[in-house]
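Visitor: The residues making up each chain are set out below.
Number of protein chains: 2
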Amino acid sequence: MKKYCIGVDVGGTTVKLGIFDIVGNIIRKWEIPTRQEENGKFIIEDVAEAITSVCEEYKIGLEELLGVGIGVPGPVMPDGYVEVCVNLGWRDRNPAKELSKLLALPVKASNDANVAALGELWKGGAAGYNSAVLFTLGTGVGGGIIVDNKIIDGAHGVGGELGHMTVNLQEAEACNCGNHGCLEQYASATGVVRTTKKILTESLEPSVLRGKDSFSAKDVFDAAKEGDELALKAVDVLCMYLGMACANCAFTVDPEAFVIGGGVSRAGQILVDGIFKYYVRFTSLTQKKAIIKIATLGNDAGIYGAARLVL
Amino acid sequence: MKKYCIGVDVGGTTVKLGIFDIVGNIIRKWEIPTRQEENGKFIIEDVAEAITSVCEEYKIGLEELLGVGIGVPGPVMPDGYVEVCVNLGWRDRNPAKELSKLLALPVKASNDANVAALGELWKGGAAGYNSAVLFTLGTGVGGGIIVDNKIIDGAHGVGGELGHMTVNLQEAEACNCGNHGCLEQYASATGVVRTTKKILTESLEPSVLRGKDSFSAKDVFDAAKEGDELALKAVDVLCMYLGMACANCAFTVDPEAFVIGGGVSRAGQILVDGIFKYYVRFTSLTQKKAIIKIATLGNDAGIYGAARLVL
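Protein chains in written order, with my numbering: chain A, 1 to 311; chain B, 1 to 311.
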């Protein structure tokens with residue numbers, strides 16, 4: 001009888017793993033270090049080993065597992081092929097096939113941000129919906145799109161790479177990707193700080209942030225919540241571009257819900273309200289609006305979503 | 001034995017119909033007028049009548065039909081519900097259910113632009129692919145998104161409403177929808193003319209279009225093809241915003257192909273090349289590119305796609 005499934009979230013420093021029952025209760029979660037040596041050669045073996053030994057400990061036979069889902073920090077092609085995964089050193093790999101061979105179990109792989117979106121849809125901020133778009137606002141901006149409970153990986157593995165949607169053709173500075181005016185340049189933690197510094201330089205407006213050697217995105221949001229006008233302006237820029245990105249997703253995949261995750265999402269309601277204001281403005285074509293929510297699973301979204309891949 | 005299916009494309013003036021065999025050969029296509037009287041009350045009855053009589057004429061029994069697909073000029077909810085369809089006068093209707101009742105056959109409905117995209121994927125510009133995004137450049141800009149051979153209708157019926165993606169936050173003029181800076185404002189026939197007039201007003205640059213009382217999008221493209229610098233600039237604006245829209249679709253649904261249809265697409269290769277140039281620039285994150293093609297089915301895309309709905 002198949003009673004369990006495993007979710008694996010491979011990151012650059014640690015691999016997170018979780019055993020779930022098939023309705024999504026977490027039975028055990030744990031981490032192992034990501035062995036980057038020899039271009040990440042041992043990562044998949046380590047994962048297989050970790051699964052086998054923990055299942056043994058929990059007296060779960062591999063035959064009781066429906067399968068293993070795995071989130072990978074890079075583009076994954078529809079057949080599981082990974083051309084390159086910079087953070088792990090992988091080139092020309094098929095982690096799903098490799099792990100499946102080692103465990104003699106069905107294994108499905110997908111991009112880690114997409115998998116996190118599936119996790120938030122299954123058990124997190126978008127639980128109860130069938131479709132959702134997740135924006136992960138961290139150092140960069142990641143994303144994932146779920147339609148009819150399925151990840152949109154895309155034909156070239158860049159489905160849901162929402163941080164690199166172009167939102168401003170007037171941007172002079174280049175994004176890390178080489179393009180100008182990517183969402184990531186405004187909606188990431190780095191982006192908020194950049195925007196704030198720009199406003200500080202271009203105006204004489206007083207602000208608690210003025211004169212500080214350095215400050216974080218959290219500092220900007222904290223100042224905004226205290227009513228600091230300049231910080232509010234910086235937050236508004238982020239919300240404007242994210243609202244535009246949400247609207248553009250509404251006119252492409254039209255999800256039931258938008259979920260905002262990542263470190264920046266800890267700012268909470270100020271973010272939801274700000275994004276929603278612009279999202280509504282940019283979707284004046286229709287009265288029907290999706291909801292916008294904060295993600296709830298944090299770093300566990302990946303293992304939840306990965307497990308859901310095989311259900 | 002189920003050997004045939006029917007595609008219906010309901011427009012504001014005429015309803016187009018087609019009988020297809022199940023591999024997509026068209027057996028007969030014809031049109032009936034759209035009876036708008038009494039809020040389009042008789043349209044579905046007329047369609048049922050038209051199907052019955054032509055099937056009779058072709059000695060095709062209704063039991064030989066797999067079903068009927070129907071494209072509707074407005075948002076269609078996942079259950080077939082149509083809240084409002086301005087061009088037909090419909091309010092609170094379920095055309096699929098109504099037609100299904102009249103014919104005792106399975107009927108599926110979807111938005112007409114989405115259905116056209118499915119048609120182009122099945123037998124047109126994107127034939128042979130599993131995913132595609134169609135931009136229909138006419139008086140306005142419509143669109144449709146197909147992933148894994150299925151239409152993305154969206155949770156609120158605005159999936160693939162690509163003409164209303166916001167592409168320019170600096171736009172002063174309002175779009176018909178009330179928003180500012182929609183793709184439609186630049187990439188429609190109306191949009192090209194508007195852009196050209198703007199450049200004519202703002203510069204003294206010579207152009208064959210200068211001094212004309214009125215000109216069409218075709219005139220602009222014709223002038224561009226003859227090397228008219230001003231017309232080339234106007235075409236470039238369209239290509240820039242469409243290239244941006246393609247790039248943003250690449251980072252959301254990441255299709256194999258983009259298909260450009262509608263009257264403006266008759267401009268041909270100049271359009272494909274121009275859009276591709278910007279699409280490549282705005283997707284610098286990835287080396288893998290989708291192809292961009294001109295639609296091939298013209299006004300028949302709707303009946304093809306509608307028929308494909310029930311296969």
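Source of the hints: derived by calculation from the structure; they are not laboratory data. One thing to keep in mind: the hints can contain errors.
A pair counts as met if it fits within one copy or between any two copies, since identical chains are not told apart.
[Stated by the list, open to error] Here are the simulated EDC-like pairs of lysine to aspartate or glutamate, each with C-alpha atoms no more than 16 Å apart in a straight line: (1) 212 / 57; (2) 97 / 173; (3) 101 / 46; (4) 288 / 83; (5) 97 / 38.
Only a predicted model underlies this, so the values are computations on that prediction, with no experimental measurement involved.
Visitor: Each hint: holds or not?
Guide: For each hint, the structure was consulted:
1. In this homomeric assembly, residue 212 and residue 57 never come within 16 Å of each other (Cα to Cα): the closest approach is 52 Å inside a single copy and 83 Å across copies.
2. When the C-alpha separation of residue 97 and residue 173 is checked against a cutoff of 16 Å, the pair qualifies neither within a copy, at 41 Å, nor between copies, at 53 Å.
3. For a Cα distance limit of 16 Å, the shortest separation of residue 101 from residue 46 inside one copy, 14 Å, qualifies, whereas the shortest one across copies, 59 Å, does not.
4. With identical chains, the CA atoms of residue 288 and residue 83 are at most 16 Å apart between copies only, with a shortest distance of 11 Å across copies and 40 Å within one.
5. Within a single copy, residue 97 and residue 38 get their C-alpha atoms no closer than 20 Å, and across copies no closer than 60 Å, so neither meets the 16 Å cut-off.
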